[in-house]
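Protein chains in written order, with the numbering used here: chain H, 2 to 129; chain P, 2 to 129; chain W, 2 to 129; chain Y, 2 to 129; chain E, 2 to 129; chain L, 2 to 129.
No lab work stands behind these hints: they were computed from the structure. A hint or two may mislead.
The list treats identical chains as one, so a pair stands whether inside a single copy or across any two.
[What the hints assert, rightly or not] Listed below are the simulated PhoX-like cross-link pairs for lysine-lysine, each with C-alpha atoms no more than 20 Å apart in a straight line: (1) 3 <-> 42; (2) 126 <-> 3; (3) 3 <-> 90; (4) 92 <-> 126; (5) 45 <-> 24; (6) 90 <-> 128; (7) 90 <-> 24; (8) 126 <-> 90; (9) 92 <-> 24; (10) 3 <-> 128; (11) 3 <-> 45.
There are 6 protein chains.
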Amino acid sequence: MKLIDYADASEEVRAVYDDIMAKRNVPDVNNFWKAIAHDPKTLKRTWESIQEIMAAGELDPMVKELIYIAVSATNGCEYCVASHTAAAKQKGMSDAMFGELMAVVGMANETNRLIAGYRVPLDEKFKV
Amino acid sequence: MKLIDYADASEEVRAVYDDIMAKRNVPDVNNFWKAIAHDPKTLKRTWESIQEIMAAGELDPMVKELIYIAVSATNGCEYCVASHTAAAKQKGMSDAMFGELMAVVGMANETNRLIAGYRVPLDEKFKV
Amino acid sequence: MKLIDYADASEEVRAVYDDIMAKRNVPDVNNFWKAIAHDPKTLKRTWESIQEIMAAGELDPMVKELIYIAVSATNGCEYCVASHTAAAKQKGMSDAMFGELMAVVGMANETNRLIAGYRVPLDEKFKV
Amino acid sequence: MKLIDYADASEEVRAVYDDIMAKRNVPDVNNFWKAIAHDPKTLKRTWESIQEIMAAGELDPMVKELIYIAVSATNGCEYCVASHTAAAKQKGMSDAMFGELMAVVGMANETNRLIAGYRVPLDEKFKV
Amino acid sequence: MKLIDYADASEEVRAVYDDIMAKRNVPDVNNFWKAIAHDPKTLKRTWESIQEIMAAGELDPMVKELIYIAVSATNGCEYCVASHTAAAKQKGMSDAMFGELMAVVGMANETNRLIAGYRVPLDEKFKV
Amino acid sequence: MKLIDYADASEEVRAVYDDIMAKRNVPDVNNFWKAIAHDPKTLKRTWESIQEIMAAGELDPMVKELIYIAVSATNGCEYCVASHTAAAKQKGMSDAMFGELMAVVGMANETNRLIAGYRVPLDEKFKV
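Work out the full structure: start from the sequences and follow the hints.
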């Protein structure tokens, strides 16, 4: 699928691009947005959802980026790892933090599968 | 696989159980440990690795638990979600934090797949 | 693994290639077939299974391609997304249909993980 | 996490529950909604997104349910398989259609992994 | 979906059940077969494929079961882990072998994700 | 993340590199090690764990590589498939063995999802 550049975008799409560029203070939007712009509803819904979800709340925005990276590495999504690692750095993630993040991600993936293989039953105290 | 209770454990296994109970100040170890105790080397290695990885460092121990939950929910590991949600709560995770965590996990899983489906190419700036 | 071109293929492999080219009316087979041709049994079994499974039945062949893409995007398999998107287009998938497909795939991946994270118990009516 | 029943829900949550019950013509909402109601923003956003995404469009609502099931089976999400299989049946999915759906899902998962294992390079014609 | 017992099965389905019971020397077939019997084509195709794939060849049948367990634990499929662990034991897998299997499965899942997170580029020598 | 070459490595990292090169009798370490060297603890822990896990035991080292490949193909990790396929060949895996390995991996991924989709209940005999 061809990426949709600003010059070729419909007004509906441009409105979202404009909002992204303004709020993120960047001269252009990432390829992700240019790809899903083929479906303007998904473009708009995703942009609105991401703003709501990634905003500062009880969790720090940088911590939210760490969580995003953890999911993306687990799913093997190179694009998402790359873009959210960049975002996390902008929000203060140090190299040492990234190293610790990856160590936890690796260990969690390891024990998740040990538990599946050994078919570990839930402890009584963990039952809902 | 039968879980290995303390009473039935070898000395090698008991040494790990004792260490877990002492350091976590609990009267018994979780089923996870009693399952992998069938392989004492894995029991010992996993316990040592988890201590090293989950200790306070550049990232807060609670944040590490959030990351663990994010991976476990992505992998659909009920046991891991249950046990690490309990651990995260003990380390200060509020219900509101959990809600935000899940929102990020859900969104990351959604965009990871949008990117795979649209085959979004890496932006130049994200290339290594 | 080197791809096995027609010129270098055994008679057993050529017979499958010939059948694929004839039934699909194409001058050559895709790389997928040239790769698994290293194992002629898997080549033959896979070709026979795909014909049986992807044929028109209660579901339209285009709908079957949509399902194939949904799985492939969820698994992050670029090759499969690419080849089955091409096949779906040939069978009538419009760009708008693709957009809706991706929206469902994204949402399903999101809610699948929300359900794992919140550990949602089955409603009584859904129990087998 | 305790499910939030209507009786215990905040006004914000009840408004969403009311809308779900009215539009789906059901006497109560599923456990999924009662679980994510712990995070009213996610409840509202998810309900709005699902309505937009699952509505009739270029794809038939039943086909969208088939896609949802395909993703959910691939991710091993029992709750989602159960609830969307029920929804698909309501929208006209026959047992024979379900059988064909599963056959495609199985085959796609098989070939996705064959392609990863054989490291099949993209055919020139599939390159973006 | 109701399981289809022998008494309620069509002749087409019974023929497969008879073959499974005869070749495996068992008085009844597992639930897996009784479930997919809803789609007789998938039942027949899967049984034929499994016989071809799991037979002794260059790899020992027990080793093939170990591989089956490795995949099933990675996918978090409890049924498959359970049934193939039983099959592996019948074919000679000891408890110690199972422990080593799980250790490799855990480690592979860990490093798979470290590699995704660190975005490790292929070494020249590994390029096709 | 830049790979850390020997010339730029700290003494702590060099010690691990030296050990890998000596024990594997190679003139340089793979990119995997040069990437995780950003986190010397993870580098050291992973190297020690891999030695313990991949050593000859009840399972043959080649069989352990087959298991590693099975997991890596299931997770879609190209780097891991490439490096462990090379390692497996060095330890005696023939092309025919690889073909059988892939056939099992494909079939396991297929039936894992059939079981999830059909929601197959555990047979009594498989219950723990």
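Unmet hints by their number, sorted upward, for this structure: none
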